[in-house]
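2 protein chains.
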Amino acid sequence: MAKTPTSPASPPAAANGTRRGRPGYDQQTVLNIAVDVFNRHGYEATSMGILAENLGITKSAIYHHVPSKGDLLRLALDNALGGLEGVLDDPRASTGPADARLEFVLRGTIRVLTDRLPFVTLLLRLRGNTDIERDALARRREFDHRVAQLVDAARSEGSLRGDIDPRTTTRLLFGTINSIVEWYKPGGPIGADKLADDVISMVFDGLHKKA
Amino acid sequence: MAKTPTSPASPPAAANGTRRGRPGYDQQTVLNIAVDVFNRHGYEATSMGILAENLGITKSAIYHHVPSKGDLLRLALDNALGGLEGVLDDPRASTGPADARLEFVLRGTIRVLTDRLPFVTLLLRLRGNTDIERDALARRREFDHRVAQLVDAARSEGSLRGDIDPRTTTRLLFGTINSIVEWYKPGGPIGADKLADDVISMVFDGLHKKA
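Chains as they are written, first to last, in the working numbering: chain A, 1 to 211; chain B, 212 to 422.
No lab work stands behind these hints, which were simulated from the structure alone.
Any given hint might turn out to be false.
[Said to hold, decoys possible] According to the in silico footprint, chain A covers these stretches of chain B (three or more CB under 8 Å from chain A): (1) 247–255; (2) 373–380; (3) 384–395; (4) 406–414.
[Stated by the list, open to error] To give an idea of the chain A side of the interface with chain B (calculated C-beta under 8 Å), a few residues: (5) Arg-40; (6) His-41; (7) Gly-42; (8) Glu-44; (9) Ser-159; (10) Leu-160; (11) Asp-165; (12) Thr-169; (13) Gly-175; (14) Asn-178; (15) Ile-180; (16) Glu-182; (17) Ser-201; (18) Leu-207.
Being a predicted model, the structure only gives us computed values, none of them experimental.
Note that CB positions come from ideal geometry on N, CA and C, so glycine has one too.
Turn these sequences into a full structure, and let the hints guide you.
If you want it as structure tokens, here you go:
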């Protein structure tokens, strides 16, 4: 369906995005830049002054978009967590053999991570020094917990090896996947789908060439 | 050989360690506490004032042990990097089939990581904003490069699967191993040797139960 430029159904971000010049920043752009600065310097070490400098606008212009640095953090973390929670809410995460559901969830997690890289990076580097960070870490633990239940189910089903403790298994899986934020470059030589294939191959079948 | 308490060959740290009270901190103790504070708050966000508060001594008392915050960072990173480089310098890292050498180096890396956990954690969280950090990151890259050469050799030898790019392989291996610092608790339910066995099992043979 074609939309006229004045259609009230046009997304506000896109409408703002057509404005020219720095004062025209929309909230999403402010957020994207803020997340990059947080990731480079650490959230705690980033003042509103440093943010304003990176945005090329005044501190009061930032307050036009968000009431505080904490709100930027909250929005950014919600972006990452919403994506991850969406994977678990997909019907493919709750129907069929546990092994296939686990693979679906791991692939989906990798996809969120590559699609929303700076946001997930921020989430994974949180130290939990503020209420906003602690709330986000609680949501992340809930996500991890639901994946751990899938690991348990796949193990009970007989799909996963029994000599590695399920908690260690879950931690190694998350460790492997989460570490991708440290090196993955969107638009680089390896695409998100091939990366997901490689991770799934390594963690489920191993790097050794089969005889 | 027995040593008298006044032997000049006695290690200074041990001698200082017998002193009582906070002014008797030796450099290693100051370093251990500083590394914990750096890991909790981030190196950049940690001032000498915060360090003094955590040590329960004055800023000038810290300067008695080290000239600057940067020196504490340098000593801490050297502890981590020295351990890792020691693994590659062991003859078992350079003799025999590449596959066995790679396994030796991965096990050794896990051992350094569990033995020197706070120091390696600090190394892995560096952002490279100062010369000291950049020097350490250069040493870490050199370590990573030498492990990547082992991965290449094991792949050429025919031990590792050919469908995953060797650079991706190396990154996933380091990602899996380095993530251990995020959750491993020394003295907890899983010992360092069992952890190394589990990691080696997953990355080389996979989590799927073999038919």
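| message | Please list, smallest to largest, the hint numbers that this structure does not respect. | response | none
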